[in-house]
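K.L.:
Sequence:
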Amino acid sequence: MKIAHAIHDDWKAELDSYLDLYNNTPHTVTGKAPSELLQGRKLRSKLPRIDDLETVPPSTDFRDRDIATKVQQKEREDTRRRAKPSSIASGDIVLMKNLLPSSKLSTNFLNEKFTVLDRNGSNVTVQSNSSGKQYNRNVSHLRRFNADSNWANEEPTLEPENDPGIRKVAENTAHQETSAVAVPNPLPVRRSLRDIRPANRFSP
Numbered sequence: 001m002k003i004a005h006a007i008h009d010d011w012k013a014e015l016d017s018y019l020d021l022y023n024n025t026p027h028t029v030t031g032k033a034p035s036e037l038l039q040g041r042k043l044r045s046k047l048p049r050i051d052d053l054e055t056v057p058p059s060t061d062f063r064d065r066d067i068a069t070k071v072q073q074k075e076r077e078d079t080r081r082r083a084k085p086s087s088i089a090s091g092d093i094v095l096m097k098n099l100l101p102s103s104k105l106s107t108n109f110l111n112e113k114f115t116v117l118d119r120n121g122s123n124v125t126v127q128s129n130s131s132g133k134q135y136n137r138n139v140s141h142l143r144r145f146n147a148d149s150n151w152a153n154e155e156p157t158l159e160p161e162n163d164p165g166i167r168k169v170a171e172n173t174a175h176q177e178t179s180a181v182a183v184p185n186p187l188p189v190r191r192s193l194r195d196i197r198p199a200n201r202f203s204p
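Residue 44 in our numbering sits at position 44 of the sequence shown, with consecutive numbering throughout.
What the hints contain is simulated information worked out from the structure, not anything from laboratory work.
Just so we're clear, the structure is a prediction, and the values are computed from it rather than from any experiment.
Among the hints, a few may not be true.
Unchecked claim - Under the rule of at most 27 Å between Cα atoms (straight-line distance), these lysine-lysine pairs were calculated in the DSSO-like manner:
#1 K12 - K42
#2 K97 - K133
#3 K12 - K2
#4 K113 - K84
Work out the full structure, taking the sequences as your base and the hints as a guide.
P.N.:
Written out as structure tokens, the structure is:
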């Protein structure tokens with residue numbers, strides 16, 4: 001269409017010619033033209049021919065080639081993305097992806113736990129542990145929640161600030177950091193060694 005517009009030609013007619021050429025060109029995967037697969041005959045003209053009316057059993061070779069090509073493309077893409085099957089099963093505690101973030105600072109997953117009730121392929125039914133509502137989500141929108149009970153139940157203990165041991169360790173650390181930073185020596189100022197002769201008009 002850009003060429004037709006550049007030479008001031010009718011772009012609609014050129015578009016029809018392009019579509020006619022595309023629909024009658026054999027595809028690289030199926031080996032047949034789209035018009036032949038759609039109408040069951042080779043489109044030589046706008047009117048059906050006598051030899052096109054012969055009853056020939058349809059071939060399914062193009063379907064097999066199409067399926068094989070799609071499987072190869074899927075395997076190649078899974079290998080590139082390092083995809084692997086999900087191990088989420090019924091009874092697991094999961095986190096659900098936040099599909100409607102309120103702002104840019106929102107987390108990727110909701111701050112709520114869900115229990116997996118059923119899984120059918122990639123479709124998973126989960127139930128909220130707080131509200132009891134059920135949701136149907138794709139397995140890619142869920143992440144298993146692995147809680148470390150020892151870490152979760154442990155409370156941090158704070159040491160008093162007036163502990164002499166802590167002050168000594170802090171002073172040693174600060175001294176090491178200060179000594180580790182080397183102060184570079186100042187570079188001497190370099191002056192030009194060439195003789196500067198004043199202009200003739202300034203000569204005595």
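K.L.:
A separate judgement is required for each hint: does it hold in the structure or not?
P.N.:
Hint by hint, here is what the structure shows:
no., hint, verdict
1, K12 - K42, "holds, 25 Å"
2, K97 - K133, "holds, 16 Å"
3, K12 - K2, "holds, 11 Å"
4, K113 - K84, "holds, 24 Å"
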